[in-house]
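S.K.: Sequence:
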Amino acid sequence: MATPVLRANVGEEFVRRWTDGGLAGTMPAPDHGTRALMLLQTNSYLVPKDKRAEHARLVRRFRQLMARYGCEHFEVYEQIGTDWNAAKVTGRFVQMMRFRDRQHHMEVQEAERRDPAAQELIEEFCQLLNIPYQREQGLFAVGFYQSALPCENERAWAPAPAATAETPLVADGPPPAEPEPSPQSPGLEAEGLDSEAPAEESAPSTLQPEPESSAGEHPVNAADEVPKAPATGSTPDADSAAEERPPAKATQE
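Residue numbers (this note's numbering): 1 to 253.
For the record, the hints were derived by calculation from the structure and aren't laboratory data. None of the values given here were measured: they were computed from a predicted structure. Each residue gets a CB set at the ideal place from its N, CA and C atoms; glycine is no exception. Some hints here could point you the wrong way.
Per label pair, the in silico range of CB-to-CB distance [said to hold, decoys possible]:
id, residue 1, residue 2, range
1, W84, P116, 35 to 41 angstroms
2, Q119, L37, 27 to 33 angstroms
3, T82, E120, 37 to 43 angstroms
4, W84, R52, 17 to 23 angstroms
5, R52, N85, 23 to 29 angstroms
Let the sequences and hints guide you as you build the complete structure.
M.R.: Below is the structure:
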């Protein structure tokens with residue numbers, strides 16, 4: 001099937017609009033404002049069977065080019081049959097480009113206009129697939145979309161603040177790992193006593209003989225009394241008993 005001859009003014013005008021606007025600016029995108037969290041542009045077109053390999057090569061170059069401009073979300077999909085039936089191939093492809101916001105779209109579009117390599121690649125793409133003819137016949141379609149759901153970073157999670165407010169309850173009280181102070185310390189500080197007093201109260205069991213030693217008498221153990229006990233009356237008790245005996249004898253006489 002021969003390709004119909006295009007009118008010069010239509011083909012040249014569309015190629016000029018494509019090359020001037022770039023791949024991301026084939027049509028002026030509607031201004032949705034900066035409140036759009038994510039913008040999506042799609043380019044849908046037909047690829048003949050004999051040009052699929054060359055189309056894949058140009059798509060890889062487009063992906064590298066868009067990544068260099070900061071547009072990392074560039075994908076190309078082929079439309080197939082119901083339930084992804086690859087046997088029914090329609091030959092229609094769709095390019096999907098995602099932008100952060102309107103400003104990001106304008107930056108990528110401006111970079112395409114200033115890059116001679118990008119302009120050359122776009123012109124080669126238009127000539128390969130005869131994009132001006134597809135546009136004239138309504139086979140080339142451009143779509144602009146904005147996010148229907150907010151992104152994760154700007155969602156208002158209502159339960160999250162409530163959970164974070166209840167979690168720090170442990171930080172308000174004393175930490176559980178910290179040992180509790182002994183019950184004697186607060187009482188001793190309140191009464192003005194020394195904290196070492198309980199240790200001194202337990203000592204008298206070993207220091208009871210000290211008052212007797214201060215009077216000049218040494219403590220005598222039960223084990224020491226057995227070997228030191230004299231056989232005869234050499235102790236002061238025996239002498240006192242000997243002095244008392246003569247008066248008793250005198251009384252008997």
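S.K.: None of the hints should be skipped; say for each whether it holds.
M.R.: Going down the list of hints, with the structure as the test:
Between W84 and P116 the C-beta distance comes to about 40 angstroms, which sits within the given range of 35 to 41 angstroms. Distance hint check: the CB atoms of Q119 and L37 are about 31 angstroms apart, consistent with the given range 27 to 33 angstroms. For T82 and E120, the Cβ-Cβ distance of about 39 angstroms falls inside the hinted range of 37 to 43 angstroms, so the restraint holds. Between W84 and R52 the CB atoms are about 18 angstroms apart, so this pair conforms to the stated range of 17 to 23 angstroms.
Checked against the hint of 23 to 29 angstroms, the pair R52 and N85 fails, with Cβ atoms roughly 18 angstroms apart.
Checked against the numbered hints above, the structure breaks only hint 5 and satisfies the rest.
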